[in-house]
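Fit chain B to the known structure of chain A by using the hints.
Chains as they are written, first to last, in my numbering: chain A, 1210 to 1335; chain B, 934 to 1072.
Simulated from the structure, these hints should not be mistaken for lab results. There's no promise every hint is true.
[As the list claims (entries may be wrong)] Here are the simulated SDA-like pairs of lysine to any residue, each with C-alpha atoms no more than 20 Å apart in a straight line:
id: 1; chain 1: B; residue 1: Lys937; chain 2: A; residue 2: Thr1298
id: 2; chain 1: B; residue 1: Lys937; chain 2: A; residue 2: Trp1281
id: 3; chain 1: B; residue 1: Lys935; chain 2: A; residue 2: Ile1280
id: 4; chain 1: B; residue 1: Lys935; chain 2: A; residue 2: Trp1281
Spelled out from the first residue to the last, the chains are:
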Amino acid sequence: MYVLLHIFLPLGLGGVIYLLFNNARTNISAFVEQVLGLDLPLLDTKIPYFLIYQLPDALWAYAFCATFMLIWQRVNAAIIAFLSFILCTFYEIMQYFDWTNGTFDVWDIVVMGVACWFAYFTKMIK
Amino acid sequence: MKIKSFVLSVLAGGLFFLFAVATSQPDEDFFSDVVTLSADVAVVDTFLTLKNTDTLIFSNANLTLTEMQVDSMGNTLSHASYFIAEYTLSPGNTDTIPLSAFKNDLTGQGDSYPIDVFPVTFNIEFFQDNKFFNLHVEL
Chain A
1210 MYVLLHIFLP LGLGGVIYLL FNNARTNISA FVEQVLGLDL PLLDTKIPYF LIYQLPDALW
1270 AYAFCATFML IWQRVNAAII AFLSFILCTF YEIMQYFDWT NGTFDVWDIV VMGVACWFAY
1330 FTKMIK
Chain B
934 MKIKSFVLSV LAGGLFFLFA VATSQPDEDF FSDVVTLSAD VAVVDTFLTL KNTDTLIFSN
994 ANLTLTEMQV DSMGNTLSHA SYFIAEYTLS PGNTDTIPLS AFKNDLTGQG DSYPIDVFPV
1054 TFNIEFFQDN KFFNLHVEL
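So that you can see chain A by itself, here it is in the shape it has in the complex:
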């Protein structure tokens, strides 16, 4: 249940947002369209920019942090949350230096930090 609720659900939700609302076609949408031959509808978005571009990153970071909290249950959750945030930040830095795909955005780092904190928060109130 923890895996479903805290890992697969946020990842799936973020993936759906990327697939259906992101104007810039992503690798996965290119795969769906060009390899699987499916025509993805791009839903007209009156949705705020934040929900399309930052929310999926936050959901990804939340699931990332929750996964490591599940694996390292005996380690202080605050340490796991902090290390998860560092790793998420590292991924953004890789984008900044063009070491991987994607666009560097300071706001991505901010929302990832909030997401890691939220993962820690939900762990504490459990």
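Frame of chain A, contents of chain B only:
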């Protein structure tokens, strides 16, 4: 237990990284190497000078040429803006403008006076990177 946790961490980290890459924008030639080069012209704050009754002069960075590269999926790969600081054109004719006429700053200055000769249309042709541009401008 720690070894198992480390192995699981590496596996999970790898899967999350793959997911992140999958939801990022593709490289220029990840799925397609078809690149279309297009150009567009926008006129900003136009002032024209009539000179010798048959020649128009652009002044003070009137014209912005925006060059865009897009891949076959519509992703913008790069773009650059140029500004014509000052250039002489003959109305109704096709002129060839050397690239040196395009500047990427707004330093061009010159005497300019707004005149009432609109609309004015003309074409601009030039080559860049072995590609031919033919821009239709209507003021």
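Of the hints given before, which are not true for this structure?
Hint 1 alone not satisfied by this model.
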